[in-house]
Each structure stands twice: as C-alpha cells, then as structure tokens.
Amino acid sequence: MNVNFYVTCIADIVKSGVGKHSVLLLEKLGCNVVFLEKQGCCGQPAINSGYAKQAIPGMKNLVETFEVNDYPIVAPAGSCVYAVKNYPEYFERFGESDWAARAQKVADRFYDITDFIVNVLKVENVGATLTGKAVYHPSCSLTRKLGIVREPLTLLQNVKGLQLLPIHNQQTCCGFGGTFSVKMAEISGEMVTEKVMNISEAEPDYLVGADVSCLMNIAGRLSREGKKVKVMHIAEVLMQNEKGEN
Amino acid sequence: MSLKTSELPFKERVERQVHNEIMRRAVVKAQETIGANRQKMVDELGHWEEWREAAKQIRNHVLENLDAYLHQLSEKVSQNGGHVFFAETAEEATDYIRKIALEKNAKKIVKSKSMVTEEIGMNHVLEAEGIKVVETDLGEYLLQIADDKPSHIVVPAIHKDRHQIRKDLQEKLGYQGTETPEEMTAFIRKVIRRDFLEADIGISGCNFAVAETGSLCLVTNEGNLRLATTMPKTHIAVMGMERIAPTFKEVDVLITMLCRSAVGAKLTGYNTWLTGPRLEGETDGPEDFHLVIVDNGRSKILESEFKEVLRCIRCGACLNTCPAYRQIGGHGYGSIYPGPIGAVISPLLGGYQDFKELPYACSLCSGCNSVCPVKIPLAQLILRHRENIAQSGMTPLTERLSIKGFNFANAHPAIWDGSVKIGAKLAGRFIKNGKAPIRAGALAEWTKARDLPQPEGESFRSWFANREKN
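Note that the protein sequences, when read in sequence, are chains A and B. So for the first sequence, the numbering used here puts the first residue at 1; every next one is plus one. So for the second sequence, the numbering used here puts the first residue at 1001; every next one is plus one.
Quick caveat, the hints were computed from the structure, so don't treat them as lab data. Just so it is clear, CB atoms sit at the ideal spot from N, CA and C, and this is done for glycine as well. Take these hints with a grain of salt, some might be off.
[Claimed, not checked] Here are the in silico distance ranges between beta carbons for each label pair:
id, chain 1, residue 1, chain 2, residue 2, range
1, B, 1307, A, 154, 31 to 41 Å
2, B, 1048, A, 92, 23 to 33 Å
3, B, 1191, A, 203, 44 to 54 Å
4, B, 1440, A, 203, 29 to 39 Å
5, A, 93, B, 1067, 23 to 33 Å
[What the hints assert, rightly or not] Computed footprint of chain A on chain B, listed as stretches where at least three residues anywhere in the stretch have a Cβ under 8 Å from a Cβ of chain A:
id, segment
6, 1014-1026
7, 1385-1392
Same shape as in the complex, but just chain A:
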C-alpha cells in the first residue's frame, strides 16, 4: 500500500528518530512510504494562539501538497492529525467554502499511526520485543479529541516482554498544550511536574506515547529531575526486536 508520511515539525526538526522509526515501521508492515517535501507544519502554533486566520495560507499549502495523490496520510502525532481534521471548519468560517471541501477530502485521509496500523492495515501485533515496564501516556488529542483509545494499547500489549503499568490520573494532560507551555510556563510546569510525579511512582523503565510533542514535554521534566526513565515514541517501541533496534 502506498502511504504518505506526515512528519510533523517537532519530529522533523528535533526528533527525526521518531520520523525514521515510523517510516521503517510502516515499511516493515508492507507499506511503500512517500514523503512529500512541500509539507509544512499543521499550523497549531498559530491556530491555538488565536491566529487561525493568518494560518490559512499554510493550511492551503498543506492541502495542496497532499492533493497530488490519494494515498492515506499517516502521522506520528495525534494533535497534528486533529488540527488538520479541523481545517474544513476554519476554511468555512473564513468564507473559503471551496477550500473547505478540498480540505475535507485531505483531512479524511489523515491517520494517527496507531489508528492506521490497527484499523487500516488490520495489524494488532507487529512482532516487536521490548523487555521492561512501561507507562503509556494517552495524549489528550489522541484520546479525547480523536477518540483513539484502544489502538495504541492493543499494539503495546502485544509487544513481547513489555509490561504496561497504570498510573494515577493517567488521562490527565501532561501540560504541553503547544504555546501554552511557554505562555503559561508556571501552570504548564506544575502540570508536567505532577505528571512526572505520577509516572515516577510506578517506577517504569519506559515512558511511551504516540504524540511526539507530549513526549518532548514529559522527557524535558524527567531529564530536569534526573530520572532514568527512557522516553520512547510508540513507533520506536514497535521497531524493537530481541536484538534491540530493528
């Protein structure tokens, strides 16, 4: 199956490993991965700060970029997928009905990687092995906004050797919130501190998530506290085998 990969800006710039492992994982599962270089950011830094109107040209660029083919579009971040799913509403609101219709078609092809693997590729066990205890962080975007709850858990439960640990207030936001993390650094900082406290209580070896931005936030706090928890994106986990990295 031909698949477009939507890397997201955070993965592209600072966490390319997440992008690489996502591509390798999709290829391992039989996909032919296409990367369209014209793709940019989903626009969340502007949209979530109230500049949706100014973000319209960027949205148009993203829609146009993915109109060159009709393959599904897979991303390693629920929040960016959710942002694109909202494009039609923004176009509609700013009087661009034609673009709303075009955006709808592209948005319908957008998938979070776990959703894509489980519901499109129909794979629940990718044959990965990772020994140790892990805490899974269900991101707000994936869980509450996109309703993808079961898929990442199913994939992780089928990783050989991996034990998933529950934590207190598991579904509570990690405090990232995009520009919230720097605009409201005090509140965001308290939130991530509490999240790390709850994670630490479970004494995991790994913290796993499917949203690259939340992971960057939680990892930043774990590092600040000197905690030895390894932070991994689910694509990285799913690419592990007995010998280590696949």
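Based on the hints, put chain B in the right spot on chain A.
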C-alpha cells in the same frame, strides 16, 4: 466590577497561587474526591451520553425560545402573586433590590448561595445602605467573615483548610472549640440561627425557574435556603435570564445532571420548590416575593458565537476536572467564575480588558468538554476567545511578529524546507544536556520547569532524502 476577585496582575496571581500550599492540597483533594464520586454516579445512572444529549437538547430548546419562556415565566410568577423585574444590567438589578430593601426598612438580610448575586455585586450595594447581609451557606459564610472571595462556583471555600477556618472563627467570632468540622459547623449554625430569625428579607439565587408554573427549583445541602426563603417576610430571588426549564419534566433531567455532576450525588440534601408568596390561608412562606431576572450581557452572548455557553447549569464539573484549575485554584483566575467555564464567561461578562489572560490559562486538553453535562464545547470556546483577542490586536507585538514569521515560512515550502534543515542542525549543535546557550523568550519560559529535548542534529527530511539517493 464584581466579577473580579483581585486587583493583582494575572502573572502575579498565578505565582502566588502556585505557591499556596494549603490551597493546592485542598483543591487536589477536592478534585479527587468529587471527581471519583461523580464518576460513580455517572456509571450508576447508565446511558450517560444519552442523558447528556437530552440535557443539551433541553437547554438548546430553552435558549432558542428564551423570549417566549421568559414571558410565560413572568406571567405565571405574577399570577402566583409575585413581582417580576427584568434587569438589563447589574446596576439595574442592584438598584431594584436596594429599593425594595429600603421600602421594607430592612436592617438585616439573610442570603443563600448565589453566583449571580456575586456577579452583580449585590452585597456591597446593600451594605452601603447600612444593611447587614449575612451569607448563610457555610462556605460563603466562612468567606464572608474572613473578607475572602469564592474560588469555586459550587464549593466556594474550597481553597481553605480546617486550620485556617478555625483561626478565622477564633478571631472573628471568639470560637473556643476544636477544629473538627462538625463542631465548627454546629457553632456557626447556632450563630446564624439568630440571623434567620431577625432577618427582614431573604435573598436566594435560582437553579431553574419553571416557566409552566412560575416555580423556582433550588438545590442545597444545608437547608439554609429553606430558612432564608421562608422565615423572612420578603423573599427576593435573583436569576440569570437563561436559567429556565419549560416544565417539571425537564427539571427532572436537569437536576439529575446537576447534582451528579456537581457533587457526585444522586440528589442534594434539599430540593426546594417555591411557587410564589404565601397565599391566604397558608401558614408559612414570605408575604412578598420578587423575582429579579438578570441579563447583564447574556442577550449579547445569545447572539454571539459563544451562545452555547448559556447552556451552563453551573455544576462546576469542568473546574473539578481541569488540570490548570488544579494548579492555580479559583483565585488564580481572579474572577468569581474560574476554571474552564470562567475562562469562557468571565471575558464575556466582564470584558477582555480585565480577563484577557484567562483563555490562555488552558492547555486545550478538553477534559472539561468530556465532563460537561450539557456538552458545552468549552475548549473550542476558549480558543474562540484567543482568536478574538489576537484579531483585535491585544496580544504582544513580539507574539504577533513571531506568528507572522512562522505563518510566512509555513506557507512557502522552499523557505520552510530550508528552515527545518538549518533548524535541526542548529538545535543539534547548540542544545547540550537539555540546555541552550540562549536563555530568552520562549526558551527561557520552557526551561523554567524542564530541559530542552536532546536533538538528533539532522532533520527527518534530510535523512529521508539521503536515503532515497542511496
């Protein structure tokens, strides 16, 4: 403006609240307890999503026909022997209430808990006339004696602990007992019993007004409302103009949702239904009844993109689940309406000038959306505020410029491509052990509580392109 609970700048408020250990512990405990109880009640009722949908439809129906229901309600209240006053502004409402208090030559007024009377700043207006106004809800009473402000719409004194409360009681009322809640409550009960007996007027809020019968439906847990609305000769009820249910049938659904969502209980201890003043031959109830229906900006909200927020039944479930409220408490917001609902309605009722920071005190996690019993898309409405604020130029210039730069690059693929590749390299070179050499702006803010990511030094797109070549 009586919405405001503080004159301090937002950042300073937040700073103080974040370090207020007593508040932090109290709010965490309350969120955990109420949250767990709420979930139990949701599970026990079953079909929760259908209940939410039904409640939403009822509230939407009321809002769509608000003019007709307000007319019906006022007709019924008048037929029942009561008086109705429509107040367009907070001032009109307080003027009317003051006028009645002066006509009745009132010396003392007992109140049951009401957010709308806080909103219109009623107490100050009456107190300025030399009238003693006594809050009889336990939480509100504790705040009143300590000259403190509510920090939650249902549990107003949520930020205080028993040690503080005992201290206040000792200082203000000469209390000598222990700090057990029961003993302190019994003490206050005895003190305010006299106030109930002496009061000339009782003032209440209104959870729902039933248009069909002109009845008021009020839920409390302390029974103080019954005394406040039946002992004094005059009862004044104050309600936000949207708080209507067509008939008792709809109240059934709304009360079910309200009590379960607010305090995690099937019902509150007292459900009080009041239909007009005492009639001839009846043995109790007030001789005179006034219903003050407050607009105070609600008509404008009804016409705006924020219309859905008027479905709110003031249960506070959004506060009890909000991770930001958890860290800064109600006083961090500086409004009597804090938390997600406050971040939406405070700027609407009080203006952006005073409340423009509130919509940003939110990570858009949408936990509030999930628990709202009337399905208000709170996170989306919070974001709409940010749009209004940004589009009206109230945001800092540096923010506008950086967003402009970002949007420009993001709309030009060649520029974006180059920026990403260079950005990845620069990040790899300069970020070491979670620290960057520059500590200003966003970097400084980010690193207050956490380290920077360990970058890979190469962008994904460079890796992918090289891979294709090989």
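Now the hints, each set against the structure:
1. Checked against the hint of 31 to 41 Å, the C-beta distance between residue 1307 (chain B) and residue 154 (chain A) comes to roughly 40 Å, which is consistent with it.
2. For the hinted restraint 23 to 33 Å between residue 1048 (chain B) and residue 92 (chain A), the CB-CB distance of approximately 31 Å keeps it satisfied.
3. Distance hint check: the CB atoms of residue 1191 (chain B) and residue 203 (chain A) are about 51 Å apart, consistent with the given range 44 to 54 Å.
4. Our hint of 29 to 39 Å for residue 1440 (chain B) and residue 203 (chain A) holds, since their Cβ atoms are close to 37 Å apart.
5. Separated by about 27 Å at the C-beta atoms, residue 93 (chain A) and residue 1067 (chain B) satisfy the suggested range of 23 to 33 Å.
6. Check result for the segment 1014-1026 of chain B against chain A: holds, 3 residues qualifying (beta carbon to beta carbon below 8 Å, three or more required).
7. Only when three residues or more bring their CB closer than 8 Å to a CB of chain A does the claim for the segment 1385-1392 of chain B stand; here the count is 7, and the claim holds.
Against the hints set out earlier in the document, no violation occurs for any number.
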